[in-house]
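Participant: Chains A and B, in that order, are what the protein sequence lines are.
Oh and the first sequence: position 74 is 977 in the working numbering, straight run, nothing missing.
Oh and the second sequence: position 75 is 80 in the working numbering, straight run, nothing missing.
The hints are simulated quantities; they were obtained by calculation from the structure and are not laboratory data.
The model shown is predicted, which means the values in this text are computed figures rather than measured ones.
One thing to keep in mind: the hints can contain errors.
Claimed, not checked - Ranges of calculated distance between the beta carbons of each label pair, as one might list FRET restraints: (1) B/GLU131 x A/THR910: 39 to 49 Å; (2) A/GLY1074 x B/GLY118: 29 to 39 Å; (3) A/ARG1105 x B/GLY141: 25 to 35 Å; (4) B/TRP59 x A/ALA986: 37 to 47 Å; (5) B/TRP59 x A/THR1070: 24 to 34 Å; (6) A/ASN1067 x B/GLU54: 51 to 61 Å; (7) B/GLU54 x A/LEU1127: 48 to 58 Å.
Unchecked claim - Computed footprint of chain A on chain B; a stretch qualifies when at least three of its residues, placed anywhere within it, have a C-beta under 8 Å from a C-beta of chain A: (8) 10-19; (9) 68-76; (10) 80-87; (11) 100-110.
As the list claims (entries may be wrong) - Residues from chain A that face chain B, not an exhaustive set, calculated with beta carbons under 7 Å: (12) GLN978; (13) ALA982; (14) ALA1093; (15) ALA1141; (16) TRP1143; (17) GLU1146.
Ideal Cβ placement from N, Cα and C applies to all residues, glycine included.
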Amino acid sequence: MGELLRTSEDVGIWEHRGKVALVGRGHSPVYRRWDGKDMTQTLGALSILAAKAAMEDAGVTPDQIDGVITCPGGQSNGALMGAPWGPGRPYFAAPYDTEDGLSKVTAEWLVRELGLKNVKYVNSDGDNLFMMVGQGAQAVGDGKCNNLLILYPAGNLEGRYQQNESTNAPGPTQWTNPWGWGMGIAYPFAEYCRKYGSNHDRMAPFILNSRRNGLMVPWGYYALHEPYQLTTEDYLSARWICEPLSMLDCDRPVQASACYLMTTAERAKDMKQKPVYVLDYTMSSNRPRSNFETLEDTEAWTDAMARKVWKGSGLHASDIDVFNPYDGFALFTQYFLEAFQWHGVKRGEAHDFYAGDISVEGPHPLLPSGGNIGTGRTRTAIFTDCMEQLQGRAGPRQISGKREIALAGGVLPVNAGWTVFSSIPDA
Amino acid sequence: MPRPVPVPDAVSKPFWDACNERRLIVQRCSACDRRQFPPEATCRDCGSEANLEWVATSGRGRIHGAIVMHDSRIKMWQPLQPYNLVGIALEDDPAIKFMSNLPGVPVHEVPVGAAVEVEFIEASPEQLVPEWRIVG
Chain A
904 MGELLRTSED VGIWEHRGKV ALVGRGHSPV YRRWDGKDMT QTLGALSILA
954 AKAAMEDAGV TPDQIDGVIT CPGGQSNGAL MGAPWGPGRP YFAAPYDTED
1004 GLSKVTAEWL VRELGLKNVK YVNSDGDNLF MMVGQGAQAV GDGKCNNLLI
1054 LYPAGNLEGR YQQNESTNAP GPTQWTNPWG WGMGIAYPFA EYCRKYGSNH
1104 DRMAPFILNS RRNGLMVPWG YYALHEPYQL TTEDYLSARW ICEPLSMLDC
1154 DRPVQASACY LMTTAERAKD MKQKPVYVLD YTMSSNRPRS NFETLEDTEA
1204 WTDAMARKVW KGSGLHASDI DVFNPYDGFA LFTQYFLEAF QWHGVKRGEA
1254 HDFYAGDISV EGPHPLLPSG GNIGTGRTRT AIFTDCMEQL QGRAGPRQIS
1304 GKREIALAGG VLPVNAGWTV FSSIPDA
Chain B
6 MPRPVPVPDA VSKPFWDACN ERRLIVQRCS ACDRRQFPPE ATCRDCGSEA
56 NLEWVATSGR GRIHGAIVMH DSRIKMWQPL QPYNLVGIAL EDDPAIKFMS
106 NLPGVPVHEV PVGAAVEVEF IEASPEQLVP EWRIVG
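Just chain B, with the same shape it has in the complex (with noise of 0.2 Å):
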């Protein structure tokens, strides 16, 4: 399905290559021991860059919320309304979310709380983004 394609940067570049190699990756302050995502230049926390490094996660989270679009300023996903816009809570620190748009599961019928693990999806020949699906 044609969705805008993800543009990578200096910070961002390493999250995308991890994701076309069906990866999911994020960013762990040492110093703080805390995760962030989205990535940043530096820890949101205590402000290091030195001690910023990617760390692998499971690949495993559960459903946190869900909403869905009617009305969407993106032109590329207007003709796909309503469509779900989900958040996904990473098992491995809750704290860091993620959005999906849950394919092949009905608006309304998002079940929050379900267990969900990572795929990956074309956003174009050339990028994988990080899609959810169902598990159990």
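Next comes chain A alone, as it looks inside the complex (with noise of 0.2 Å):
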């Protein structure tokens, strides 16, 4: 697991407070899942794509990059999203010659076949992608490096994953799998409905919302495979899969890969795009009272969260122009929504927000990248529309009104990581 940094409820202003900037974002095209054989889809090869891209977008040559850091197989721990190649199959000619290029990306793969020579800073002990923007800020900030790459793949193989066909339950899951537990995050949903007098169906609103917004990421998923807009009604018809959880509360797990540039604020002047500064992150790590997580345990930890960020960054709510809370279970964004209370939600009112206009067009435009509903498992659009919503190039998404100020973070209330960034150095 990468270090946990910032983690203290008295955590202070960032000591690097807008002397850090993202400059650079590169996405691959989003598949499905890689079919084992075209070799310009390996997670490898999409992650050079993804690089190459950034880099291009911030102007900045392969010999001036100088660290690398990843979270290789996506997920903490160096835990995969998908299943592994191997052993089971044959693995191919180099660079493609391990599981290394095809289930994961480590720093040290794509140092070698991007041919970077001044890379000082080779970190492939990313935690996830929420808490390794935190990771290579702090990096950057500390002068570990000056020019960084951020690189998140995202792989997807054939076939179902992570099923137990086990018929004993060691370790952790001799308190779970007795009584078949698993997807435990609609239990707190449930709770929610219950202490607040909401339903599953109040959902809709932001999930087609979110997929339009996605339509509007030309890399995403969806707007490369699927691109048409759902209904409420495909939305109450979705077949659940852990009620009250449906398909379509779920991301979609995607072979993509993303890439961003980090840079120092005195370096981001003369770069190509506009500098996003990042004014602060901060990063939780929570366990669940008892034997699994509940609506109680949810709210304190997201709350928690919530006073880091506005201690962090020094910034309250009202001043949050973008606002980009994880939704890879649609299920979960709503807790985010109201510890942070963005536009004013607080506990209990986020279906109520949902019903009025959440449009990027209107006035409380949530979610404008789409986030992983929108555009698949990527879990990267919501700090590429961080960046581009304060640069000004969202395209059909940009929001209206003031930009100087975003909020992304994820990945879990369990356990996140928050960013603040900025148009402005010292906002």
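Need the complex rebuilt from these two chains, each delivered in its own frame; the hints are there to steer you.
Facilitator: Here it is as structure tokens:
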């Protein structure tokens, strides 16, 4: 697991506030799966595309890159987003002669395959994406490198993954599998609906809005492969996974990669794109009080995250113009929305808010990226959108009004990193 | 009904042994006066190992919440879909939660808030696991 930083509730203003900036973003096309044959669509090949695109976007050459950080398999603790290629299937000619490049992409692999000659900071121990952006910002702020590639590969092979065929329940599963427990994210949502008098159907406007926003993301899965809007009927008739969690509350696993270029504020001034400054990042790692996550846990954890963001950035909810909370189960986005009280939304009010105008054209443009629900499980749409909104190049997704401060974060209420971005370094 | 059989480890063995004697026990830290479940090697609050002890519970609780599994990743459970996933809050300390399928109660008919008491059912001929039934 990558080092968790700025986790304390007493976190102060970040020492590098406004001195680090995102200056480039690159996305590969997003595919549903890798077929195991097309070597232009391996996770490694897509990562090379993404990294080159990020450098091109920033106007930085490979020789200027002196740092690379990755979360190689896409998940914390080195776990893979999907399944490994081997050991049952033969590997290929180099550079695809191990898992590296197929089911994961390490920083070392990328440095080698891009021929980066001046890299002094190599870190393949990035946590999940949301922590890694903060870890990268800290590395640049601390002077470990000046031009850092932040690579996030998200792989998906054929077949279902994480299927458990065991007749025994060892380790942590001894407390869950004898009762067939799983998809516990549905449990606090059921509590939420009971506590606040809502129901699953009231999620529909949020899901439809996210799909609509996602269709305006040119590299996204739905824009590329299923370019049509969902209907309320589609959502309400989606099959249950773990009621009240339906198929359309889940993000679509994909084969894709994305890369960001982060640099110092000083260097950013001379680059191609308008800098997007990092004002703050904070991280949180929690555990349920007992055997599974309850709404009480969820609300306490997300409240604490919001307090940390405000303390760490010196900002308040009313300062946030662009809000991109993670949605890779859509059922938990509401906890973030209510914890941060974006646009005044308090506990129990998210579904009423969803019923209003949350479109990018309207007064409350929630999750203008479309998130994972709108683009597939790349997880990166929220960061790219924060950049593009602040730079004024979000195209049809561009929100109106003030756009100086953006907030993005995830991955779960139990375990999250939040980053505050700004178009001005001393906001 | 066949289900994945818990594999006791050094920390959990007293719990599973007690289940086989139809007793429901949890850990308590005598320094913090806090109960914890699932069991751990140390107290989650103070980190103490020496002050952890096993204590009996009333074996009573209330239904805290319920969801319905339709697409489990656990193969052994797939033939039983859809099935209840129920959270039980222990009467002695409602922060302590157990899992249940509430056998015999149809999905969508779980009475949240109802009183329950523990029973023990076979996961295998050698291992009982706690389950819960509605009382009163």
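Participant: All hints, please: hold or fail.
Facilitator: Structure-based check of each hint:
no., hint, result
1, B/GLU131 x A/THR910: 39 to 49 Å, "43 Å, holds"
2, A/GLY1074 x B/GLY118: 29 to 39 Å, "33 Å, holds"
3, A/ARG1105 x B/GLY141: 25 to 35 Å, "34 Å, holds"
4, B/TRP59 x A/ALA986: 37 to 47 Å, "40 Å, holds"
5, B/TRP59 x A/THR1070: 24 to 34 Å, "28 Å, holds"
6, A/ASN1067 x B/GLU54: 51 to 61 Å, "31 Å, violated"
7, B/GLU54 x A/LEU1127: 48 to 58 Å, "54 Å, holds"
8, 10-19, "holds (count 6)"
9, 68-76, "holds (count 8)"
10, 80-87, "holds (count 5)"
11, 100-110, "holds (count 7)"
12, GLN978, "16 Å, violated"
13, ALA982, "15 Å, violated"
14, ALA1093, "5 Å, holds"
15, ALA1141, "11 Å, violated"
16, TRP1143, "4 Å, holds"
17, GLU1146, "4 Å, holds"
Hint compliance for this structure: hints 6, 12, 13, 15 are broken, all remaining hints hold.
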